[in-house]
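Work out the full structure: start from the sequences and follow the hints.
Position in the sequence shown (first residue = 1) + 617 = the working numbering.
Worth flagging that the hints you see were computed from the coordinates, not collected in a lab. Here a beta-carbon is modelled for each residue, glycine too, at the ideal position from N, C-alpha and C. No false leads were slipped in.
For lysine-lysine, the following BS3-like pairs were computed, each having C-alpha atoms within a straight-line distance of at most 25 Å: (1) Lys-728 - Lys-646; (2) Lys-630 - Lys-728; (3) Lys-646 - Lys-630; (4) Lys-646 - Lys-725; (5) Lys-725 - Lys-630.
Distance windows between CB atoms, simulated: (6) Asp-636 - Ser-695: 16 to 24 Å; (7) Gly-704 - Lys-728: 32 to 40 Å; (8) Pro-707 - Ala-625: 17 to 25 Å; (9) Gly-705 - Glu-730: 30 to 38 Å; (10) Pro-727 - Asp-659: 31 to 39 Å; (11) Thr-703 - Leu-628: 13 to 21 Å; (12) Ser-649 - Gly-717: 17 to 25 Å; (13) Asp-684 - Arg-731: 33 to 41 Å; (14) Gly-632 - Gly-705: 28 to 36 Å.
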Amino acid sequence: MTRDEMLAYCLAKPGAWLDRPWEGDEVVKVGSRIFAFLGSPDGEARLGVKCGPSREVADEWLHRFPDDARPSPYIGRSGWNTLRLTGGIPDDELVDALDGSYDAVVAKLPKRERPTA
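In structure tokens:
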């Protein structure tokens, strides 16, 4: 899956919008919260997503895809992983990871920030 394909998939989610909070890095948010880190458009094609409620749950990705998954810097302890888009992780699993991250973030949003569709 290419970075552009993943970005388009992210932005098709209800209430999703692109933000550039740090120079050169792109994230996709719903409401005020990030559900996908995409990094720099010029960098490695990767996706940072919430892969579980805890580090222990998110570690399943590291065991299944040791060459293509790693804990996300700074927030990895909270269940966030960085997944290579062009590695050995099948596209359907990348989409499932993104869907899970979106759902987890939306569930924690205040009701006034949740998308209606």
